[in-house]
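*Asks:* Knowing the structure of chain A, use the given hints to seat chain B on it.
In order, the protein sequence lines correspond to chains A and B.
Using the numbering used here, you'd call the opening residue of the first sequence number 1 and step up by one each time.
Using the numbering used here, you'd call the opening residue of the second sequence number 1 and step up by one each time.
These are calculated hints, taken from the structure and not from any lab test.
Remember, it's a predicted structure, so these values are computed and weren't measured experimentally.
Misleading hints may appear alongside valid ones.
Claimed, not checked - Calculated lysine-lysine pairs in the DSSO-like style (CA-CA distance at most 30 Å, straight line): (1) Lys290/B x Lys356/B; (2) Lys9/B x Lys290/B; (3) Lys6/A x Lys287/B; (4) Lys7/B x Lys45/B; (5) Lys45/B x Lys9/B; (6) Lys9/B x Lys287/B; (7) Lys9/B x Lys6/A; (8) Lys6/A x Lys290/B; (9) Lys6/A x Lys7/B.
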Amino acid sequence: MPVTVKIPTQLRAATGGDAEVEVAGATVGEVLDAVFDAHGDLRERITQDGDLRRFVNVYVSGEDIRFQQGLDTAISEGDEVTILPAVAGG
Amino acid sequence: MSVENLKCKECGETYELGANFACERCFGPLEVAYDFSGLDAAEVKRRIQAGSQGIWRYVDFLPFTGPPRDPLEPGLTPLVKADRLAERLGLDAELWIKNDAANPTHSFKDRVVAVAVAKARELGFETVACASTGNLANAVAAHAAAAGLESYVLVPANLEEQKLLATGIYGTNLVGVRGNYDAVNRLCTELAETRPWAFVNVNLRPYYAEGSKTLAYETAEQLGWELPDRVVCPIASGSLFTKVARGFEEWTDLGLISGDQPVFNGAQAVGCSPVATAFAEGWDLCKPQKPETIAKSLAIGDPADGPYALEQARRSGGAIDSVDDDEIRAGIRLLAETTGIFTETAGGVTVGVLAKLAERGAIADGERVVVYITGEGLKTLDAARDSFHMHEIDPDLESFESEFEPQEVAA
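Okay, chain A solo, but in the shape it has when bound (with noise of 0.2 Å):
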C-alpha cells in the first residue's frame, strides 16, 4: 500500500530536509520500516529497542496508534502517516 509519512521539522535533517517521504507498507510498522531504510538516520532518533521512543507520537490520518493496533495499526488506501513530538500541550 503507497502510503504519504509526514516527517517534523526535528527530524528533516535526517531527510535531506524532505517534509514528506512516500513509502509502502501494510502496516504503520512496515511504512517505518521502509522509511528508515530510505533514511537510515531517521531509526535511531525516533525508536529505541523496537519499540518508538516515548516522546513520539505517530498517528494513522489524524488517529493515534496507541488507540489502535500500534505499530501493527493497519494502512488503508488514501491514510497519511504523521510523526510529531508528544511533547507539546497543557
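*Replies:* Then chain B, alone, in the frame of chain A:
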C-alpha cells in the same frame, strides 16, 4: 540574567534560546537551563522584596535576556488559611489555599502566558497562538490584546460557554475545533510548522512552563520563606505539577529556603486519569485516554509531562489520585462553604482529592499543607447548577415567614 540555553530533559543535548520545544536527537522535551552560580541569596531576596507586585519580582528565575514585557502582570495571589475546611475534613493540620483564580483572567494560566507572551516579544513574534482547554484560551486572548499582538486560539468546539465568551471578548481569532483537546493539540503541533507564530504551549512551551514555577516561589515567600510539608495540585499535562516542584528545588539549592522538599499529591478526574492510572498500576508511562469528565480544563488524555509527574509523585513520597464527577461537585461545594472561594471543576478535583487524603489518614497532625486552586467557579457554572435550593416567595412578610420560622427581636 541567569538563563543559559535549552536542554533536552532526556538526553541532555543543548540548543540556543529560540522557538524550539523538542530534541532533534531523541524527541525529548526541551527545558530552559540556567546558571544561578552568580546569584547571592541575600541579595536576590532583597531584590524580590523590592520588586513588582506580581511574577516579575522573580525575574532572576525566569527565561529572559532582558526585562520582560507583558502589561497584564499576574501573580501574588492570596494564600488563605483554611481552618474551617481543615475542621470539616477532621484534619489537625495547617491547611492553606493558594487561590490562583485571583489572576487577571481568573486562572493560573496567566502566569505561563505572561512568560510566553513576553518571550514571544523578546524573540520578535507578532502573533501568538495556543491549543487550549479553556483557561489558556482566556489568558492568551487577553495578554495578546494587552500587548497589541495578533492571536489565534484553538479550543475543542464543545467547551463550556463561559470559557468561549471569556475568550472571544478580547478580539482574538477564536477557532472551535470539532474534536477533543488532544486533537486540537495535534493540529497546533502541525500548524506550528507551517505558520510563523508563537504557539505558547507548543514551540514556546519550554518558556511557558517556567511560569508555573512562580506558584512555588510565591508559596514559599508567603509562608515566610519556608517550605510546605505537602502540596495538593491538579494534573492535566503534568507541567504545573513538575514545575512547582522545580521552583521549590531551585530556591532550596540557592539557600533562599531550607528543609525537606514537600510531598506531592496529584489530582485528576476519574473520567480523564491517565496519570493517576499509571501511578496506581506502577507504570513509568501513561496510556492515553479519551476524556469523559466535567473537569474539562483537566481533560488532557495524552499528557506531555505525564512521565515526569509520575516520577515527582513517587520520589516525593506522594501519590496521584482521581475523583469522579459527583466528588468534583462536592469538592466545589465544600471549598465554597468553608472558605468563601468558588472554584471551577479543576478546583473541585483538587479539593476532592484532598478530602480523599484526609479520609485515608494520609495527612499527619501538624502538617503544613498547601492546596492549589487554579481556576474560577464562574467559568464552569453548570457544575454548580441544582446544588442548592432557592426560596421563592411573594414580596410580603407572611410569605417570608411561611418559609423561615419567625425569630424574637431583642428589646
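*Asks:* Now look at each hint and say whether the structure bears it out.
*Replies:* Hints, one by one, checked against the model:
1. For the given pair, Lys290/B sits about 24 Å from Lys356/B by alpha-carbon distance, which is consistent with the 30 Å threshold.
2. A C-alpha spacing of about 27 Å is found between Lys9/B and Lys290/B, which places the hinted pair at or below 30 Å, so the restraint holds.
3. Proposed proximity of Lys6/A and Lys287/B is supported: the alpha carbons are some 24 Å apart, at most 30 Å.
4. As the CA atoms of Lys7/B and Lys45/B are separated by approximately 27 Å, the hinted pair is consistent with the 30 Å bound.
5. For the hint linking Lys45/B to Lys9/B, the alpha-carbon distance of about 29 Å falls within 30 Å, and the restraint holds.
6. Straight-line distance between C-alpha atoms of Lys9/B and Lys287/B comes to about 20 Å, which keeps the hinted pair within the 30 Å bound.
7. For the hint linking Lys9/B to Lys6/A, the alpha-carbon distance of about 25 Å falls within 30 Å, and the restraint holds.
8. Distance hint between Lys6/A and Lys290/B is fulfilled; the C-alpha atoms sit about 24 Å from each other, no more than 30 Å.
9. Pair hint Lys6/A plus Lys7/B holds up; C-alpha atoms about 26 Å apart against a cutoff of 30 Å.
Violated hints for the displayed structure: none, as all numbered hints are satisfied.
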